[in-house]
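S.K.: Chains as they are written, first to last, in numbering that gives the first Met the number 0: chain H, 0 to 197; chain V, 0 to 95.
Please note that the accuracy of each hint is not assured.
What the hints assert, rightly or not - Which stretches of chain H does chain V cover? Using the computed rule of at least three CB atoms under 8 Å from a CB of chain V, they are:
hint, region
1, 27-39
2, 176-184
As the list claims (entries may be wrong) - To be clear about the criterion: a stretch of chain V counts as covered by chain H if any three or more of its residues have a C-beta under 8 Å from a C-beta of chain H, and this derived list gives those stretches:
hint, region
3, 44-53
4, 61-67
5, 70-76
Said to hold, decoys possible - Listed below are the simulated DSS-like cross-link pairs for lysine-lysine, each with C-alpha atoms no more than 27 Å apart in a straight line:
hint, chain 1, residue 1, chain 2, residue 2
6, H, K89, H, K163
7, V, K45, H, K131
8, V, K62, H, K87
9, H, K62, V, K51
10, V, K44, H, K131
11, V, K66, V, K45
12, H, K193, H, K87
13, V, K44, H, K193
14, H, K163, V, K51
15, H, K87, H, K132
16, H, K127, V, K45
17, H, K131, H, K91
18, V, K51, H, K127
19, H, K67, H, K132
20, V, K51, H, K189
21, H, K91, V, K32
22, H, K87, H, K61
23, H, K139, V, K32
24, H, K91, H, K132
25, V, K44, H, K87
26, V, K62, V, K45
27, H, K14, H, K89
28, V, K62, H, K131
29, H, K61, V, K32
30, H, K61, H, K132
31, V, K77, H, K61
32, H, K193, H, K91
33, H, K132, V, K44
34, V, K44, V, K62
35, H, K163, V, K66
36, V, K51, H, K14
37, H, K193, V, K32
38, V, K66, H, K61
39, H, K189, V, K44
40, V, K44, H, K127
I should point out that these hints are in silico values taken from the structure, not numbers from a laboratory.
From the three backbone atoms N, C-alpha and C, an ideal C-beta is built for every residue, glycine too.
Single-letter residue listing:
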Amino acid sequence: METKPQFNEEELVAKAQQGDRNALSQLVVNYRSRIYHLGLRLTGTEQDAEDILQETFLIMVKKIHQFKGQSSFYTWLYRIAVNIGLRKLKSKPHKYQHVSIDDPDIEYISSTEIADWPDFDYSKFARKHLRKKLDQLIEKLPDIYRTVFILRDLHELSTEDTSKILQITPSNTKIRLMRARNYLKEELEKIIDKEGLI
Amino acid sequence: MKNDSELYKQICEYLGCDLDSGPCKEIQDHLAKCPSCEVYIDKVKKTVHLYKEIENCDEIPEKVCQKLFLSLNLNEPKTNESKTGADNHDFQRFRH
Chain H
0 METKPQFNEE ELVAKAQQGD RNALSQLVVN YRSRIYHLGL RLTGTEQDAE
50 DILQETFLIM VKKIHQFKGQ SSFYTWLYRI AVNIGLRKLK SKPHKYQHVS
100 IDDPDIEYIS STEIADWPDF DYSKFARKHL RKKLDQLIEK LPDIYRTVFI
150 LRDLHELSTE DTSKILQITP SNTKIRLMRA RNYLKEELEK IIDKEGLI
Chain V
0 MKNDSELYKQ ICEYLGCDLD SGPCKEIQDH LAKCPSCEVY IDKVKKTVHL
50 YKEIENCDEI PEKVCQKLFL SLNLNEPKTN ESKTGADNHD FQRFRH
């Protein structure tokens, strides 16, 4: 879905590059929520998300003159945030043991996928409880899969932009996304069975 | 008709794309007569949908915003639109 932007971003970036502090402030307003939630999803903690937010915009303010417009501004900004987030993840032990993810087995799929999920009743699950379960699942994904899922499915970036941000090929992005989605589906299925949602 | 292995690779490619994008006809034909694949894709779609339902990228704690502008030594713009409104508007530009 496209809507007409209420401001011209190119102009805003150009002004910010010339040191216009109001333009810099406006760019922060435009992107702060998404960068914060990206950090929250990547690291799973509010403190880390706040650190990522601050570091990202500090770099933006310091290095915006280096932005050449070869990608869109948000691709440039997301790349900074993702790099900070991944660096942060590497520096600390993970809360969960990462799962091993392989391609789903075609024989397995064809023998088990006959049972459909009807429109199950989400209200049976307390929203907070469901969110906790889903958060735990996503945090178990290895970083290379989780980042793709977050950017593509939760932040709705295109395959092309996701590939640029993560500096991987579009094919690689698609494969990682497919594996992440499949893992989450399998695990959600277990939760649904266990909690009696159907 | 391709064999299972070739078809499977294409389905994987398809699943890595936008779930509503136009898939190749051969996969569509296969899916139309293969309940297992249809159910599989439907479940993946529902999983992604559920994650989107619980995700709320519009909110950011006020305290975090204040600290951010303080650390950047910038003034938060005064606007009639709420913070989340401004963020929300721009977010529409991301959607594909």
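S.K.: Which earlier hints can't be squared with this structure?
M.R.: Hints 9, 11, 12, 19, 21, 23, 25, 26, 27, 29, 30, 32, 34, 35, 36 and 37 are the ones this structure does not satisfy, whereas the remaining hints hold.
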